[in-house]
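Line by line, the protein sequences are chains D, U and E.
With this note's numbering applied, the first sequence covers 2 to 131.
With this note's numbering applied, the second sequence covers 2 to 131.
With this note's numbering applied, the third sequence covers 2 to 131.
Think of the hints as simulated: they come from the structure by calculation, not from any bench.
You may find that some hints are simply not true.
If several chains are the same, the list does not tell them apart, and a pair holds so long as it fits within one copy or across any two.
In the SDA-like style, the derived pairs of lysine to any residue whose C-alpha atoms are separated by at most 25 Å in a straight line are [unchecked claim]:
| no. | residue 1 | residue 2 |
| --- | --- | --- |
| 1 | LYS23 | ASN82 |
| 2 | LYS73 | ASP17 |
| 3 | LYS23 | THR109 |
| 4 | LYS21 | ASP54 |
| 5 | LYS101 | ARG122 |
| 6 | LYS28 | ARG11 |
| 7 | LYS23 | SER8 |
| 8 | LYS32 | THR109 |
| 9 | LYS101 | SER8 |
| 10 | LYS73 | ASP54 |
| 11 | LYS23 | VAL92 |
| 12 | LYS101 | GLU24 |
| 13 | LYS32 | VAL100 |
| 14 | LYS73 | THR19 |
| 15 | LYS21 | ARG11 |
| 16 | LYS101 | ARG123 |
| 17 | LYS73 | ARG125 |
| 18 | LYS73 | VAL16 |
| 19 | LYS73 | GLU24 |
| 20 | LYS73 | PRO55 |
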Amino acid sequence: MEEFHVSTSRQYQVVDITAKVKEIVRKSGVKEGICLVYVPHATAAVTINESADPEVGNDLLGALAAMVPEGKWRHDRIDDNAAAHIKAAIVGPSETIPVKDGQLLLGTWQAIMLVDFDGPRRRRVAVQIQ
Amino acid sequence: MEEFHVSTSRQYQVVDITAKVKEIVRKSGVKEGICLVYVPHATAAVTINESADPEVGNDLLGALAAMVPEGKWRHDRIDDNAAAHIKAAIVGPSETIPVKDGQLLLGTWQAIMLVDFDGPRRRRVAVQIQ
Amino acid sequence: MEEFHVSTSRQYQVVDITAKVKEIVRKSGVKEGICLVYVPHATAAVTINESADPEVGNDLLGALAAMVPEGKWRHDRIDDNAAAHIKAAIVGPSETIPVKDGQLLLGTWQAIMLVDFDGPRRRRVAVQIQ
Chain D
2 MEEFHVSTSR QYQVVDITAK VKEIVRKSGV KEGICLVYVP HATAAVTINE
52 SADPEVGNDL LGALAAMVPE GKWRHDRIDD NAAAHIKAAI VGPSETIPVK
102 DGQLLLGTWQ AIMLVDFDGP RRRRVAVQIQ
Chain U
2 MEEFHVSTSR QYQVVDITAK VKEIVRKSGV KEGICLVYVP HATAAVTINE
52 SADPEVGNDL LGALAAMVPE GKWRHDRIDD NAAAHIKAAI VGPSETIPVK
102 DGQLLLGTWQ AIMLVDFDGP RRRRVAVQIQ
Chain E
2 MEEFHVSTSR QYQVVDITAK VKEIVRKSGV KEGICLVYVP HATAAVTINE
52 SADPEVGNDL LGALAAMVPE GKWRHDRIDD NAAAHIKAAI VGPSETIPVK
102 DGQLLLGTWQ AIMLVDFDGP RRRRVAVQIQ
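Using the sequences and the hints, build the whole thing.
Structure below.
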């Protein structure tokens with residue numbers, strides 16, 4: 002297993018981590034298998050989508066903000082970030098991608114992205130290939 | 002593969018199953034790999050988020066209830082639980098977690114939770130570690 | 002790894018691909034493990050839910066259409082399909098299912114479904130079993 006860190010700079014932020022994951026896949030030497038990308042956080046998530054146009058990530062953040070409004074939840078009484086928890090649970094903390102011929106089987110318009118719903122924070126990403 | 006059952010007592014309920022999954026990981030003897038937690042149900046799901054404050058789970062149920070209102074769907078004509086199916090499809094029937102040093106790589110605030118959208122029912126959970 | 006293609010005929014469409022995936026599992030000879038079903042696309046997704054009543058899939062499409070309205074996003078200025086990207090990111094490009102006794106551990110009401118949010122298109126599905 003390999004790990005790396007991503008430091009976000011905004012409260013809501015999408016960060017393309019494809020290059021880092023590809024490098025770990027290459028170094029692993031695995032030719033065919035699966036690659037699990039996982040964040041051990043309850044207010045961040047991993048998703049796969051287009052990053053060529055960074056507005057796709059911003060649109061995702063905007064859509065989730067409309068679906069899960071801030072400041073109206075029970076957990077907000079304890080820690081003022083309930084919406085971040087809800088969004089992270091819906092998007093999920095991981096993605097699993099096939100590895101073929103030593104490479105991730107990502108489509109032309111697919112990038113692996115860390116989504117921070119409660120930044121800025123230093124986020125940890127674990128990559129397990131097998 | 003190991004399995005266990007969870008009996009829910011309410012229509013909408015979040016149940017922390019982390020301890021059961023951790024026990025299965027320990028017994029497996031696997032030191033590094035992945036752990037798949039899967040529910041073979043169409044109206045329940047698995048998610049990962051905070052359970053230290055149980056209101057996070059209640060907030061998730063509340064947010065999904067607002068996003069997917071009850072009783073306005075085509076499947077309701079056949080079986081009055083369409084909203085439960087839609088929510089289960091969005092949250093998803095599984096989570097995959099890395100195993101490192103013989104332990105789940107869960108973050109401090111991450112718990113594995115079964116979410117029942119159509120209880121009370123006896124739910125089956127499968128855990129595959131490799 | 003095995004692959005197959007699905008040609009969709011409508012803009013929004015749910016296609017049951019369970020039979021194809023089951024055939025690949027059978028041919029693989031794997032008795033116990035996991036099966037990853039993955040679409041290398043940014044406007045399609047994979048989900049697991051009931052297909053015995055095809056209205057469940059239509060309800061899922063309807064619920065996502067209500068959650069993510071068309072035509073109000075930044076990416077629409079570049080390519081008029083931002084809602085499709087957002088929905089695909091939320092539902093996700095993959096599902097992972099346990100394999101037991103040489104068979105997928107699907108529940109009675111669970112089917113594996115490709116969801117196209119930007120059809121009609123020819124979609125590629127990769128299946129990795131290990």
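Hints versus structure:
no.	hint	in the structure
1	LYS23 - ASN82	neither (32 Å within a copy, 27 Å between copies)
2	LYS73 - ASP17	between (30 Å within a copy, 24 Å between copies)
3	LYS23 - THR109	within (14 Å within a copy, 27 Å between copies)
4	LYS21 - ASP54	within (19 Å within a copy, 34 Å between copies)
5	LYS101 - ARG122	between (33 Å within a copy, 23 Å between copies)
6	LYS28 - ARG11	neither (31 Å within a copy, 41 Å between copies)
7	LYS23 - SER8	within (19 Å within a copy, 29 Å between copies)
8	LYS32 - THR109	within (20 Å within a copy, 33 Å between copies)
9	LYS101 - SER8	between (30 Å within a copy, 23 Å between copies)
10	LYS73 - ASP54	between (32 Å within a copy, 16 Å between copies)
11	LYS23 - VAL92	both (22 Å within a copy, 23 Å between copies)
12	LYS101 - GLU24	both (15 Å within a copy, 20 Å between copies)
13	LYS32 - VAL100	both (7 Å within a copy, 21 Å between copies)
14	LYS73 - THR19	neither (35 Å within a copy, 28 Å between copies)
15	LYS21 - ARG11	within (21 Å within a copy, 36 Å between copies)
16	LYS101 - ARG123	between (31 Å within a copy, 21 Å between copies)
17	LYS73 - ARG125	neither (29 Å within a copy, 33 Å between copies)
18	LYS73 - VAL16	between (27 Å within a copy, 23 Å between copies)
19	LYS73 - GLU24	neither (41 Å within a copy, 36 Å between copies)
20	LYS73 - PRO55	between (29 Å within a copy, 16 Å between copies)
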